[in-house]
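Protein chains: 2
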Amino acid sequence: MATPQVTTRILRRLLASGVDTRAERLLARMPPADIAPLFSGLTRDEVATVVDLLFRQRRAARVLRELPSEMLPEIFEAITDERLARVLDRLEIDDLLELVEWIPEERRQTVIDLLPEQSRSELEKADLYPESSAGRVMMTNFVSLDAKMTAEEAIEALRARSDDDESILYLYVVDEMHALRGVVPIRRLVSAPPARMIRDMMIPDPVSVEADTDQEEVAKIVARYDLLAVPVTDVDGRMLGVITVDDVIDVITEEATEDMYHLAGLSEQDRVFTPAHLSIRKRLPWMLVNLGTCFLAAWVVGLFERTLEQVVALAIFMPVVAGMGGNGGTQALTVITRGIALGETEFSSAARAALKELAVGIVIGITTGIVSAGIAYLTVGSPAIGIALFLAMVVTMAVAGLLGAIVPLFLKAIHLDPALGAGVIVTTFTDVFAFFSFLGIATLLLDRMT
Amino acid sequence: MATPQVTTRILRRLLASGVDTRAERLLARMPPADIAPLFSGLTRDEVATVVDLLFRQRRAARVLRELPSEMLPEIFEAITDERLARVLDRLEIDDLLELVEWIPEERRQTVIDLLPEQSRSELEKADLYPESSAGRVMMTNFVSLDAKMTAEEAIEALRARSDDDESILYLYVVDEMHALRGVVPIRRLVSAPPARMIRDMMIPDPVSVEADTDQEEVAKIVARYDLLAVPVTDVDGRMLGVITVDDVIDVITEEATEDMYHLAGLSEQDRVFTPAHLSIRKRLPWMLVNLGTCFLAAWVVGLFERTLEQVVALAIFMPVVAGMGGNGGTQALTVITRGIALGETEFSSAARAALKELAVGIVIGITTGIVSAGIAYLTVGSPAIGIALFLAMVVTMAVAGLLGAIVPLFLKAIHLDPALGAGVIVTTFTDVFAFFSFLGIATLLLDRMT
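Residue numbers (the working numbering), protein chains in the order written: chain A, 11 to 460; chain B, 11 to 460.
Take the hints with a grain of salt, since some may be wrong.
Since copy identity is lost for identical chains, a pair holds within one copy or between any two.
[To be verified] Derived DSBU-like pairs (lysine-lysine); straight-line CA-CA distance at most 35 Å:
#1 Lys422 x Lys158
#2 Lys158 x Lys292
#3 Lys292 x Lys135
#4 Lys158 x Lys230
Keep in mind the hints are simulated off the structure, nothing from the lab.
Construct all of the structure, not just a fragment, from the sequences and the given hints.
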């Protein structure tokens with residue numbers, strides 16, 4: 011397979027030559043997921059032409075779906091309101107809802123008004139569901155059956171549908187109130203004797219989610235029970251739609267990105283291809299908060315200015331305690347945050363997990379503390395600095411392990427994102443503890459020795 | 011739903027009462043994924059009893075599959091070799107292969123020898139595929155068709171299979187050499203007229219992977235093209251097996267965990283529920299490496315001992331430069347590492363990505379540098395310290411951004427894991443640069459001023 015860069019060069023040459031039919035043929039041969047990366051190498055005019063060519067092939071919508079959402083505003087700029095509305099109208103409601111959110115606010119209503127009445131009302135309905143809820147990611151074109159049908163009648167019903175949608179994996183059995191009663195895997199339908207009643211072959215009371223269930227929860231359920239699709243109902247159990255596993259994969263991927271990003275204090279909209287000025291605007295507020303916490307640590311060091319004046323060598327070992335504490339805290343934080351996301355905390359209680367991280371921190375603190383004290387004694391020849399380094403290391407690593415575990419567990423307990431802000435809290439406190447314990451203990455020991 | 015803790019209490023009470031039938035009925039009502047978490051609260055004898063009860067229900071294998079692999083060795087201890095072999099024999103080959111790897115080495119061969127001949131030879135074959143390759147995660151019980159069959163004959167072939175395997179979503183069309191020729195989604199088969207030829211309804215030349223393709227690559231392909239299953243072939247295109255989307259979800263989740271863990275210098279086997287002594291053994295070597303890098307930073311500080319003796323206030327601001335640099339480096343590293351994992355680097359070139367992080371680092375360095383210099387000047391009243399802090403901040407943040415981008419991109423270019431070791435390299439170098447630039451510039455300025 012040619013790299014996107016090479017294909018982009020070929021595509022640009024074809025576009026420049028003015029013979030669009032050759033560019034069109036190139037695009038026709040490529041799957042949507044392979045076309046999407048080409049956009050980032052094109053000028054605005056070229057994007058407009060490519061969207062036109064794809065529109066003729068009725069594939070523009072499918073290619074837009076494959077773009078990272080963060081790139082959409084730039085691409086939308088190259089498309090007129092009318093064309094954009096016609097492209098968006100070809101999408102499933104869940105994709106439509108997501109793409110609409112990325113249209114710049116000043117154009118959004120204009121584009122929505124250009125959509126056909128039916129899409130518009132579907133969009134309005136979907137928009138009522140809470141953010142990142144199941145209702146916003148479900149498809150509404152599922153196949154529903156009556157329990158009193160035979161297998162043959164069900165197959166007929168399926169045949170009557172005009173679309174050849176390969177994503178139909180389960181058929182949903184509903185009663186006269188549209189309440190979900192059971193599910194028939196399509197594979198069962200194929201093997202069933204024609205006269206078999208749906209009632210007798212369905213799986214009764216299947217796993218389902220409600221429309222306002224959080225998407226992360228839905229993803230967990232699908233992964234946990236190895237489902238390929240999960241039905242979505244309203245509070246009264248009436249069938250509303252289906253979430254398929256490909257959307258669940260997207261949710262799982264996004265949630266992992268979110269956790270990694272939050273641990274580093276990043277916003278999800280700050281990606282590899284985000285223009286520098288936008289990344290700066292996203293990162294700067296957090297960096298200023300971080301600057302504040304750094305000055306807090308500096309202030310702690312300042313408390314011991316007189317000790318440092320007497321023994322400058324202490325300044326040399328400050329980075330050791332702080333560096334080790336930061337690392338220990340990050341490790342505990344990563345294990346616990348990821349454990350919460352994966353449901354591993356089900357296999358251990360919060361208290362047990364926190365105590366374990368404390369124990370690990372103490373043992374690692376003792377080991378690395380002994381090594382550090384040895385090095386300090388051999389290099390500067392002061393037993394007091396060695397002892398202070400050892401004790402500070404044990405205290406700091408213990409605090410780092412405990413905080414790394416407790417902070418995300420506490421954030422989760424009060425229903426906040428366990429990763430968000432946890433990084434800055436943990437590293438700030440370990441830094442403060444590192445400097446306070448090391449310089450504090452050194453001050454006490456040096457006073458006693460002199 | 012009751013929490014695992016509550017259910018464990020109930021289960022233990024039922025087991026203690028000696029009336030196993032009631033415990034058995036409780037377990038029978040629960041899905042395997044909900045039974046698994048109970049194990050961590052049980053004693054060894056209780057685990058043995060529960061495995062026996064599950065074995066009677068023919069569900070022990072399915073429950074073991076749901077346990078985090080890291081918990082398996084402990085559970086296996088409670089099961090005799092004979093029982094374990096009989097339980098494992100009920101698993102699909104991909105699950106069997108994984109579980110066998112977690113049997114303690116001294117028992118493994120004994121248990122394998124107790125497996126029936128067929129499972130043993132399948133296991134030996136699967137074991138030949140490279141680690142984390144497609145061959146190790148594929149199922150081998152797929153349905154293959156002849157292109158010359160009719161839809162009706164294909165349905166008959168499917169009906170003839172004794173298993174009611176819901177995971178069959180596609181049927182695979184092979185030629186007389188067993189080479190993969192096409193794929194028929196089961197939904198198409200259902201709607202097709204009975205006399206329609208398989209040849210005329212199959213999707214020709216479907217996406218497939220080879221048995222030694224890396225699982226991460228397989229997961230990317232499945233996610234990219236929204237597949238539900240992907241066929242696995244040998245180098246000559248002969249059909250060997252199928253990887254289904256539920257296994258792909260596991261791979262995606264594991265890869266994300268691996269990246270997060272590697273960034274923090276953790277081993278994948280170090281989980282929330284891992285006993286403390288094992289976690290310590292896993293983390294200690296890395297922490298000793300990290301200690302070495304901390305002493306490298308300390309050595310850099312030591313180079314400026316004489317400057318520090320003259321101006322102790324410099325020690326106070328050291329944590330500010332190092333803390334900010336560490337954070338900036340981690341942010342760039344997280345964006346690039348995650349971008350590599352998600353294929354976002356397709357949407358930007360490596361050089362563009364690195365230059366962007368450099369630019370972001372410089373701008374944030376200038377902004378936070380001005381603030382820091384102001385605070386330093388206002389608190390200690392030295393313009394030299396303020397200027398040194400400002401310049402060091404710009405240099406350090408620039409280096410942090412650039413290294414955060416270049417290190418993972420370089421590791422990827424030489425086909426190493428972009429996350430592994432990147433964290434320690436980036437934070438070490440930013441620390442070293444932070445101290446060297448801050449104390450070095452301060453030395454120059456102070457010399458000039460006095």
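Hints versus structure:
no.: 1; hint: Lys422 x Lys158; verdict: neither (46 Å within a copy, 58 Å between copies)
no.: 2; hint: Lys158 x Lys292; verdict: neither (57 Å within a copy, 59 Å between copies)
no.: 3; hint: Lys292 x Lys135; verdict: within (31 Å within a copy, 51 Å between copies)
no.: 4; hint: Lys158 x Lys230; verdict: within (33 Å within a copy, 42 Å between copies)
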